[in-house]
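*Asks:* So you can see what is in the structure, the chains are spelled out below.
There are 4 protein chains.
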Amino acid sequence: MLKVGLLGAGRIAGVHATAISGNPGSALVAVSDINAEAAAALAAQCGAEARSTDAILNDAAIDAVLIATSTDTHSDLIERATAAGKAVLCEKPVDLSLARALACQTAATGKPVMIGFNRRFDPNFAALKAAADRGEIGKAELLSITSFDPAPPPVAYIKVSGGLFRDMMIHDFDMANFIMGAAPVTVSAVGTSIVDPAIGAAGDVDTAVVTLTYADGRIAVIKNSRRAVYGYDQRVELLGSEGLLQAQNMLENTVVKSTTSGVTGAKPTYFFLERYMPAYAAEWAAFVAAVNGGSALPVTLADGVAALAMAEAATRSAQTGAPVALADILGG
Amino acid sequence: MLKVGLLGAGRIAGVHATAISGNPGSALVAVSDINAEAAAALAAQCGAEARSTDAILNDAAIDAVLIATSTDTHSDLIERATAAGKAVLCEKPVDLSLARALACQTAATGKPVMIGFNRRFDPNFAALKAAADRGEIGKAELLSITSFDPAPPPVAYIKVSGGLFRDMMIHDFDMANFIMGAAPVTVSAVGTSIVDPAIGAAGDVDTAVVTLTYADGRIAVIKNSRRAVYGYDQRVELLGSEGLLQAQNMLENTVVKSTTSGVTGAKPTYFFLERYMPAYAAEWAAFVAAVNGGSALPVTLADGVAALAMAEAATRSAQTGAPVALADILGG
Amino acid sequence: MLKVGLLGAGRIAGVHATAISGNPGSALVAVSDINAEAAAALAAQCGAEARSTDAILNDAAIDAVLIATSTDTHSDLIERATAAGKAVLCEKPVDLSLARALACQTAATGKPVMIGFNRRFDPNFAALKAAADRGEIGKAELLSITSFDPAPPPVAYIKVSGGLFRDMMIHDFDMANFIMGAAPVTVSAVGTSIVDPAIGAAGDVDTAVVTLTYADGRIAVIKNSRRAVYGYDQRVELLGSEGLLQAQNMLENTVVKSTTSGVTGAKPTYFFLERYMPAYAAEWAAFVAAVNGGSALPVTLADGVAALAMAEAATRSAQTGAPVALADILGG
Amino acid sequence: MLKVGLLGAGRIAGVHATAISGNPGSALVAVSDINAEAAAALAAQCGAEARSTDAILNDAAIDAVLIATSTDTHSDLIERATAAGKAVLCEKPVDLSLARALACQTAATGKPVMIGFNRRFDPNFAALKAAADRGEIGKAELLSITSFDPAPPPVAYIKVSGGLFRDMMIHDFDMANFIMGAAPVTVSAVGTSIVDPAIGAAGDVDTAVVTLTYADGRIAVIKNSRRAVYGYDQRVELLGSEGLLQAQNMLENTVVKSTTSGVTGAKPTYFFLERYMPAYAAEWAAFVAAVNGGSALPVTLADGVAALAMAEAATRSAQTGAPVALADILGG
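Protein chains in written order, with my numbering: chain A, 2 to 333; chain B, 2 to 333; chain C, 2 to 333; chain D, 2 to 333.
These are calculated hints, taken from the structure and not from any lab test.
Treat the hints with care, since some could be wrong.
The list treats identical chains as one, so a pair stands whether inside a single copy or across any two.
Stated by the list, open to error - Using 20 angstroms as the maximum straight-line C-alpha spacing, the simulated SDA-like pairs for lysine to any residue come out as follows:
#1 Lys-160 to Ala-282
#2 Lys-140 to Ser-262
#3 Lys-140 to Ala-282
#4 Lys-140 to Arg-228
#5 Lys-160 to Thr-270
#6 Lys-112 to Ala-42
#7 Lys-160 to Arg-236
#8 Lys-4 to Gly-139
#9 Lys-112 to Ala-85
#10 Lys-140 to Gly-201
#11 Lys-160 to Thr-107
#12 Lys-112 to Leu-298
#13 Lys-4 to Gly-332
#14 Lys-112 to Ile-35
#15 Lys-140 to Asn-36
#16 Lys-4 to Gln-106
#17 Lys-140 to Thr-261
#18 Lys-112 to Leu-97
#19 Lys-112 to Thr-301
#20 Lys-140 to Val-161
#21 Lys-112 to Ala-37
#22 Lys-140 to Val-230
#23 Lys-112 to Gly-263
#24 Lys-160 to Ala-131
#25 Lys-112 to Gly-204
#26 Lys-4 to Ala-61
#27 Lys-140 to Ala-152
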C-alpha cells in the first residue's frame, strides 16, 4: 500500500485525491495547502489529515507525494521531495522557466519523478498510440493534433499562465512526443488573439498553429484555440504509409435526433474533468504500479522538460515569425 | 444496341427514359401514353417518337419495352409485349390482384420479363447483399428493414393504391426475398393509421410492422411508415452468426456543424428520386446486359408474384390479427 | 445517511455493493448470502459485516435492503423486508410466476419497493426519454428496441431462467413501458433457436421478435438475440410525428482506422457491466434520493409486474403463434 | 444554347466533355488536341467534330472554349481565345510561372475567363461555405484543410508538375481563398519527401503543411500528402466564434459491418473522378449560367493568379524555412 501526501488542495488536487483514494494500492494520508481551510476540507473529505508541507515531506511513513500546487512551486517541491526520499508525481508544467526546469532535472535524483501528462492515459489516445506501435498504419508520416478548450480562462489567469504555449499547448507538445516517440528538430508557430482582444492586450495569443519537423522527415501540426463553444475538442490524427488513425471526441451521450432541421447528436463532453477523469485514474494507477513494482515511470521529468522546451521554442517562433531549432533552445 | 419502347410518360417513366438514354447499350425509340401530350413532351425531350402502344408493340424493330403505366394495365401489357416478342421490364407491382398476377405469370412466356424492384440495384443494399453472400457475417439469422417515406401521398392515391402492403411494403418484401434468398413461411402484420386518420378512414394503414418466419428458423421484420419528416429513411440490417451488416441512409451532404445546440449533420436524401436514381440506372444496365447477353434476368416475374403474395398475406394478417401461412395464400 | 443491507453476494450483488458504497448518501452495513464465504468476502471488501438475512431484516438500524439473490427468493424477500419496515430495491424479475408476483404486489405494503430495471437510468436511454417527453419529435408513433447479448449463457442457466422472454426481454418490455408510458394491448411473438439448437432442445428460443400494439394506435417492436459476436448491442429508436430519436451503442473507444480494408472503429462495449455500470450507480442514487426525500420511487413493483405480464404473454404467443391480449393474461 | 469548343482531349477533357454534353444549356461543337486521334475519338463519342485549335478559335459560331490542354499552353490559349471573343473556362493552374500568369491576366480582356477550381462546386464544400456565410458559426477564426491523394503520380509527372504546391496544393489555396474570402498576408510552408525518396530526388516534396495568416488575425492550415492508401481524403474544417463546420469525406457506400474485428465502414471514394464528378457538372452549369446570364463568373482569372502566388510563396518558404509575405511575391 503506497502512502501518499498530497501537496495542494485546489480543483486539480481534488481530482487527484479521488484517484488516490479510489486506487486499491494507495492511501491518501495527508494534504497540505497554503490555504489551511482548503487543506482541511479536502483532507476531511478523504479521511486524511491536513498537515504542513514540511510535515508531509519529513514523515518517513509517506512513500510518495503528488504535487498539485501552483506552477511556481513545482521545481522546488520536486527537489525537496526527492531529497526527502519520496517518489513524485507532479502536475505539468515543471516550471515556466526552462532554465529552472533544467536545473530541477539535474538536482532531482535518487527518486523517480513523473510529470502529470494525463492525456497519455486517455483510453482513446492510448489506443491510437498502441495501434500505431503495432504498425497498423505502417510508418508514421504526418501527425495532427486538434486541442480546443470550451472557453477562455479569465485574463487574470492568462497573465500568470506563461502564455498559451506553456500553459495549454504543453499538453499537445507532450502528446506529439508520446505519439512520435522523438523530439522535433524545428518548431514554427503562428498565434493570434482573435477570440478575445484582451488576451492579446495581455501579451498572449488565444489561437495558434504550430508545425514541428522531425529528423527523419516526419511532420506534426498542432492547433489550439481557447474557445470551442460546442465543448472540449480533443482529437488526434496520424497518417501513415498504410493508413490513418483518428482519435475522435467523446460525446455526452449516443442519442441522435433526426428532424426537418437535420440529424443532431450530442456535443463533446464539455470540460477536461468530464473528458479526462478516467485518464487521471489511469495515470495514478500507472504511477502506483511503477513505484510499487520498481519499474520505470511511463512519463518522466525529462518528458516534462522536453515539452517545456518546445513551448519555449513556440513562444519565440510566434514572436519572431521564424522557425526555431529546438537545439538552439536547449543549447542556449 | 437495344431498341426500346417506353409505355407510359409519367414521373417514373421520365426516370426510366433518362436511364435508357444514358445507357450506351440502349436507345429510346418511342414513347406512348394515354395522355398524348405527355408522350409527345417526353419523346421530344429524349429524341424519340411519340407513338401509340399498339404501334410500339407491333414494331419489329423494337427489341424491348419498359412498362411504366398505371398498375391496372401491367398484366395485360406484359402479356401483349411478350406475345409480340419483346423483352420486358415492368414497374412493380405486377398487379394488385394476386390471381391476375399468377395468370400473367402463366401466360407470359417466350420472352424474359423483369420486374422493377430497383432497390436491389441500390449500391448500398447491393453491397450488403454481396457481403452477406461472401459469408462476411456467417450464417444469416435476423433481418430488419426500415422503410419510411418522407410524407404520405394524397388520400385519393391511397384509395386506389391497393393499400400500404401492396403499394409500399412490396418493395421491402422483395428486399427480404433478395437478402434472404427464400420466401417466408408465415407473415404476421400489425398496422395502424396513426399518421393520418383519413388514411384509416379510407381503409388503409400508414404505419405497419410485419414479421416473417422462414423454414430454416430465420426471422425478418419490416417496419413501414408513410411519414418520416426528416427524409427518406431506407435502412437494412442483417444479424448473422459472425456479425452484423447495416446499410445506412444516404445523406444530402457530409457537412457537420457543432454548436452549443449539438452536433448536426445533413438529413437523408429527401425522396426516392434522389436516393434511388443510381439504382434505376443500374437496374436498366442489368436488364440490357442480360437481354443482350442472353443471360437470366436478375429479377423475374416470379419475384414480382412472390412479393405480391406476401403483400396479400400481410393485408389479411393485419385484418384478422393472426399470422398467415404463405402457402395458404398461394394455394388458394 | 441511508443504512443498507445487501441480500446476495454474487456478481450482480457486487455491482450494487460498489454503487451503495460509492454513494455519499448511503452506507453498506451488512451482506448476507446462502454462501457464507461469498458474503464474508464481499462484506470485507466493502467494510461491511457478513450477517444472516434474518439478522439484517431484524436490525432496526437498517433502513433499506437491496435484494440481489436468486429469482425464486425475490417475492418472499420483498414481502419479509417490507413487513420489517425496510425500503426495498429488488433485482428483476419479481418472480418467474406472474401469479406469485401479483400476490407479492398485494402483500408488500407499507414500504416502497423499487424493481431494478437499471436501463431506465442509462444516460443514453434517459436522454432519449427526456427528449421525447419534451416533445422534440412530436407525438410518438413507432418504437423499436434492439437488444442483443454478446454470447448465449450456458444451457444449464437457460433451463432455470424462465425462458428468453422472462429472463432477457423483460428488460426490453420495461424499456417499452418506460418510453411509451403505457402498457400495450396485444403482444405478438415469434421465436427461434437458430443460435444454438441446444437452447431449442431445452424448450427455449434464442432469437425473437415481439410486436406490441397500444390502445392509441402506436406500435412497438422488440428484437432479441442471445448472440451478437461484436458486443453488447443495445439500441432504442422512436419515430414520432416530427422526427426520429435513436440511442446508439456505447463504443469501447473513439479510435477510427482507415486502411485499404475500410474504415474501422471500435466495437460496442462488450458486456452489461461495461455498458451499464453508470446506470447501476444512477439507479441507486435515484433510490436513495426517493427514500430519503420521501418521494415516489421511479420504478415500482407494479412496473415489475407489468413487464412480467408482457413476458408471460410473449411466451404464450410464441408457443401458439397467435397474438395475446395483455388483458387476458392479467385477467386470469 | 452555348456552343462550345473543347481544347484538349485527355482524361480531364473527357470529364468536361461529359459535363458539356450533359448540360441542357450547352452543346459541344468541336474538339481539338495535338494528338489528332484522341481528338477524333472524343469528338466521335460526343457527337462533335474534331478540328484544329485555330479552326475552333476562328469559328464565330462558337461562343465559348474550355481549355483542358497541358499547363504550359494555358496562358497563350486564354489570351488567344479571349481575343477571339470567346468566353473561357480554363483548367487550373493558369501557368507554372506567376509572371506569365500575371501578364495573361493583363492581356486577357474583353471576355470573361473562369479558372477550373472545381472543388468550390463540390456539394459538401459549397454547403460548408454557405453555412459559414449565413453566420451559422459566427465569425471564422481557424480554417483547416486536409487534402490527401490516394497514391503519388509517377516521378516523370512530378518533374514537370511545378511541384506539389503549384500542382496539388493550388486547389487548397483556392479553397482557402474561397472559404476565407480574402488572401492571406503570410505563407509558411514545411515539406518533406517521406512517401517516396524519388520525389525528393526530383526536387519536390510529397507531404507538406502550410500555415496562412490573415490581416484580421485569422489563421488557416493546409495539409497535403501524395498518399493516403485508404482513398481520396478531402476534408475542410472551419472553427468560428459560435461553432465548428466540417465537410467530411464521401464514402463508397453506407454499409457498416460489425464483427469481432470491429465496426467497419466503406472507404472514401478513391479518386477525384469519383469524388468530384458532380462538382465538374456544377462548375460547368455555373459557367453556362453566368455566360448566358451576363453575370459575373463565380471563379475568375484573378482567383487563378492569387492561388498561384500562394503556391509560389509556399515553394519559396519550404525552401528557405522562413515565412513569405504574399506582398513580396506579388510585388516582385
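*Asks:* If a hint holds in the structure, say so; if it doesn't, say that too.
*Replies:* Quick rundown of the hints versus the structure:
no. : hint               : result
1   : Lys-160 to Ala-282 : neither (30 angstroms within a copy, 41 angstroms between copies)
2   : Lys-140 to Ser-262 : between (42 angstroms within a copy, 17 angstroms between copies)
3   : Lys-140 to Ala-282 : neither (31 angstroms within a copy, 38 angstroms between copies)
4   : Lys-140 to Arg-228 : between (33 angstroms within a copy, 12 angstroms between copies)
5   : Lys-160 to Thr-270 : neither (27 angstroms within a copy, 43 angstroms between copies)
6   : Lys-112 to Ala-42  : neither (30 angstroms within a copy, 37 angstroms between copies)
7   : Lys-160 to Arg-236 : neither (27 angstroms within a copy, 36 angstroms between copies)
8   : Lys-4 to Gly-139   : neither (43 angstroms within a copy, 51 angstroms between copies)
9   : Lys-112 to Ala-85  : within (9 angstroms within a copy, 57 angstroms between copies)
10  : Lys-140 to Gly-201 : between (40 angstroms within a copy, 18 angstroms between copies)
11  : Lys-160 to Thr-107 : neither (29 angstroms within a copy, 51 angstroms between copies)
12  : Lys-112 to Leu-298 : within (11 angstroms within a copy, 54 angstroms between copies)
13  : Lys-4 to Gly-332   : neither (39 angstroms within a copy, 63 angstroms between copies)
14  : Lys-112 to Ile-35  : neither (25 angstroms within a copy, 49 angstroms between copies)
15  : Lys-140 to Asn-36  : neither (50 angstroms within a copy, 42 angstroms between copies)
16  : Lys-4 to Gln-106   : neither (24 angstroms within a copy, 51 angstroms between copies)
17  : Lys-140 to Thr-261 : between (44 angstroms within a copy, 15 angstroms between copies)
18  : Lys-112 to Leu-97  : neither (23 angstroms within a copy, 60 angstroms between copies)
19  : Lys-112 to Thr-301 : within (11 angstroms within a copy, 57 angstroms between copies)
20  : Lys-140 to Val-161 : neither (40 angstroms within a copy, 28 angstroms between copies)
21  : Lys-112 to Ala-37  : neither (28 angstroms within a copy, 45 angstroms between copies)
22  : Lys-140 to Val-230 : between (35 angstroms within a copy, 12 angstroms between copies)
23  : Lys-112 to Gly-263 : neither (56 angstroms within a copy, 42 angstroms between copies)
24  : Lys-160 to Ala-131 : neither (38 angstroms within a copy, 38 angstroms between copies)
25  : Lys-112 to Gly-204 : neither (38 angstroms within a copy, 50 angstroms between copies)
26  : Lys-4 to Ala-61    : within (10 angstroms within a copy, 38 angstroms between copies)
27  : Lys-140 to Ala-152 : between (36 angstroms within a copy, 15 angstroms between copies)
Of the numbered hints listed earlier, those contradicted by the structure are 1, 3, 5, 6, 7, 8, 11, 13, 14, 15, 16, 18, 20, 21, 23, 24 and 25.
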